[in-house]
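Those sequence lines, one after another, are chains A and B.
Going by this note's numbering, the first residue of the first sequence is number 2, and it counts up by one from there.
Going by this note's numbering, the first residue of the second sequence is number 77, and it counts up by one from there.
Everything labelled a hint here was simulated from the structure, so no lab data went into it.
Since the structure is predicted, the reported quantities are computational estimates derived from the model, not experimental observations.
Be careful, since some hints might not be right.
[Claimed, not checked] Quick look at which bits of chain B chain A covers, simulated, 3 or more residues with Cβ under 8 angstroms:
1. 105-117
2. 150-156
3. 335-347
4. 445-458
5. 468-476
[Unchecked claim] A few chain B residues that face chain A, going by a derived Cβ cut-off under 10 angstroms, partial list only:
6. Gly97
7. Ala127
8. Thr131
9. Val142
10. Gly178
11. Ala182
12. Asn312
13. Ala318
14. Glu464
15. Gly501
16. Pro503
17. Leu520
18. Pro522
We put the CB at the ideal spot given by N, CA and C, even for glycine.
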Amino acid sequence: MAFVEHLTLFVLAAFLGYELITKIPATLHTPLISGTNAISGITLIGSVLVAGSGNTTLATVLGFFAVVLATINVVGGYLISQKMLKSFGRRRGD
Amino acid sequence: MAGLADGLPPETLQIAYLLAGVLFILGLQRLTHPRTAARGNLISASGMVLAVGATVLWFEILSPLVLAAALLVGAAIGTWLATTVETTDMPQLVGLFNGFGGGASALVAGAELVDQVGTAGTASDLSVTVTAAAGVTGLVGAVTFCGSLVAAGKLHGVLEDPIRYSGENVVKAVTLLAAVVVGVALVTQSPRFGPLQLGAFATPYWVLLALASILGVLLVVPIGGADMPVVIALLNACSGLAAASTGFVLDNSVLIIAGTLVGASGIILTVIMCRSMNRSLRNVLFSEYGGASAAAGRDGTDVYEGRVKSTSPEEVVLLLETARRVVIVPGYGMAVGQAQHAVAELANLLEADGIEVVFAIHPVAGRMPGHMNVLLAEANIPYEQMQELSAVNPTFSQTDLVLVTGANDVVNPTAYSGEESPIAGMPVLNVWEAETVVVNKRSLSPGYAGIPNPLFAGDNTLMLFGDARECMQALVNEYKQTRS
Numbered sequence: 002m003a004f005v006e007h008l009t010l011f012v013l014a015a016f017l018g019y020e021l022i023t024k025i026p027a028t029l030h031t032p033l034i035s036g037t038n039a040i041s042g043i044t045l046i047g048s049v050l051v052a053g054s055g056n057t058t059l060a061t062v063l064g065f066f067a068v069v070l071a072t073i074n075v076v077g078g079y080l081i082s083q084k085m086l087k088s089f090g091r092r093r094g095d
Numbered sequence: 077m078a079g080l081a082d083g084l085p086p087e088t089l090q091i092a093y094l095l096a097g098v099l100f101i102l103g104l105q106r107l108t109h110p111r112t113a114a115r116g117n118l119i120s121a122s123g124m125v126l127a128v129g130a131t132v133l134w135f136e137i138l139s140p141l142v143l144a145a146a147l148l149v150g151a152a153i154g155t156w157l158a159t160t161v162e163t164t165d166m167p168q169l170v171g172l173f174n175g176f177g178g179g180a181s182a183l184v185a186g187a188e189l190v191d192q193v194g195t196a197g198t199a200s201d202l203s204v205t206v207t208a209a210a211g212v213t214g215l216v217g218a219v220t221f222c223g224s225l226v227a228a229g230k231l232h233g234v235l236e237d238p239i240r241y242s243g244e245n246v247v248k249a250v251t252l253l254a255a256v257v258v259g260v261a262l263v264t265q266s267p268r269f270g271p272l273q274l275g276a277f278a279t280p281y282w283v284l285l286a287l288a289s290i291l292g293v294l295l296v297v298p299i300g301g302a303d304m305p306v307v308i309a310l311l312n313a314c315s316g317l318a319a320a321s322t323g324f325v326l327d328n329s330v331l332i333i334a335g336t337l338v339g340a341s342g343i344i345l346t347v348i349m350c351r352s353m354n355r356s357l358r359n360v361l362f363s364e365y366g367g368a369s370a371a372a373g374r375d376g377t378d379v380y381e382g383r384v385k386s387t388s389p390e391e392v393v394l395l396l397e398t399a400r401r402v403v404i405v406p407g408y409g410m411a412v413g414q415a416q417h418a419v420a421e422l423a424n425l426l427e428a429d430g431i432e433v434v435f436a437i438h439p440v441a442g443r444m445p446g447h448m449n450v451l452l453a454e455a456n457i458p459y460e461q462m463q464e465l466s467a468v469n470p471t472f473s474q475t476d477l478v479l480v481t482g483a484n485d486v487v488n489p490t491a492y493s494g495e496e497s498p499i500a501g502m503p504v505l506n507v508w509e510a511e512t513v514v515v516n517k518r519s520l521s522p523g524y525a526g527i528p529n530p531l532f533a534g535d536n537t538l539m540l541f542g543d544a545r546e547c548m549q550a551l552v553n554e555y556k557q558t559r560s
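Working from the sequences, and respecting the hints, build out all of it.
What follows is the structure, encoded as structure tokens:
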């Protein structure tokens, strides 16, 4: 894909993000941070690609560490959000 | 090259990425209400599983055992950290995860550069887009990584005090400038880059990474704990933007969509946090907030002397028994004392006796955006009972008793009066309009802003000195006794 197409995607996603996020109440801002944080772990795809391509040893080593870091981010982020959100859905006395 | 994906058109992977992007968007949409939020998180997580799974299957790259090992190790560490964490330690853990995302992005961009240099062989394969995007990724990613480590350390109490030195802004500016110069060198050599210079090519990237790491540390080290909500939100934005620019490096659309959504989220939260303190982002990041006025020796004797009335749990319980409406204002002190369960127990007792109980939550109370809401939710306080500043402020005049526990600057009336005050213009909770205010605090020591709080000397204010949990527990015990 060309640079301009990527840029288009970026700009549209920014507007969409603005619309989505401004509707989220302050009560949920902490789960929002940890949830979006997990989404930023999407860089795991890139990590998997470079670690798995095996073109050069250095790239593989760097990719390996990137996979570890990104996976911690993804797994930990979603789990922690789920933990918080479950307590929000809960009723007193449950 | 694809085995499992044999026979599928090449667009399949792109469609999978598009679906993943849609799932992220749907997941965020569900976060607009507490009842649907947990489902939204699962939808978002399934998008991640789809995107990663599709990548692995399509390129059949799980075959190197190292990769599978890396995924397992990461997943194990992530699970362990997330399941063992206490609610009170969540801000630092979230901060740490943020850093990992940024760090991973920076490593990916570097690895991709190394890869392209090692295999491409000719200059034409390295476009300016790739090198420029790699430069941005490295800069943002490394700042996020190191900044987050420092932020997490501060939140964990390892590096509690802000470290300040003269000329710190000059040092930061010089470091940033140096990083930008190296970044420009990285980009400008790419178009006329010949095969002979291959080895030299990636060097600027690693120099850039080193400078950005130093910058990340320099940026967060001088910032105090009470400004951490802003810092955490900003680092959140950075980790997303790093992922998005990695998408430019790798020519990958889902990275751009997902990363940008995160970037937008972090920036919006940063703006909200800054507005809640009536300060600019520049002021939060680069100014000496609080330090100056505290050093000036304003210990508050002129404000407090002879006017502060301290109270006891017994007396507070007498007030509670006659109240019809009680507003509880939690602050960082409640989090530190882990008092949320005792507070919830007290609220339950009061409600069982027909007293209306509301929690008033200031946006920047605590150490990350929405920190108090999470603590109270953990203690089973229903979210309908947590009210934001704009909703609760008009109701204080019809409130019999306000119980402030562990909050200080967010209930300081000088925000409205003193123009020289560091918190001038900051929206605060107008608790003094209530019939009686009980402030639970360990001492009269100033809060983060370093200024005395005239509320403590107010005619209708009683001070309940002591640790938040001990005091709340004492109130619970006393209330139970008088009731039975």
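Verification of the supplied hints:
1. 105-117: n = 10 at 8 angstroms, threshold three: holds.
2. 150-156: holds (count 5)
3. 335-347: holds (count 10)
4. 445-458: holds (count 10)
5. 468-476: Not satisfied, violated; 0 residues make the cut.
6. Gly97: 8 angstroms, holds
7. Ala127: 6 angstroms, holds
8. Thr131: 5 angstroms, holds
9. Val142: Hint holds; B:Val142 Cβ to chain A Cβ min 6 angstroms, cut 10 angstroms.
10. Gly178: 8 angstroms, holds
11. Ala182: Nearest chain A Cβ about 8 angstroms off; hint holds.
12. Asn312: 5 angstroms, holds
13. Ala318: Where the cut-off is 10 angstroms and the nearest Cβ of chain A is about 7 angstroms from B:Ala318, the hint holds.
14. Glu464: With a closest approach of 5 angstroms, the B:Glu464 hint holds.
15. Gly501: This hint is violated: B:Gly501 lies away from chain A, its Cβ roughly 20 angstroms from the closest one there, beyond 10 angstroms.
16. Pro503: 13 angstroms, violated
17. Leu520: Violated: closest Cβ of chain A sits about 30 angstroms from B:Leu520, beyond 10 angstroms.
18. Pro522: Status violated, d = 26 angstroms.
Comparing the model with each earlier hint shows violations of hints 5, 15, 16, 17, 18; every other hint is respected.
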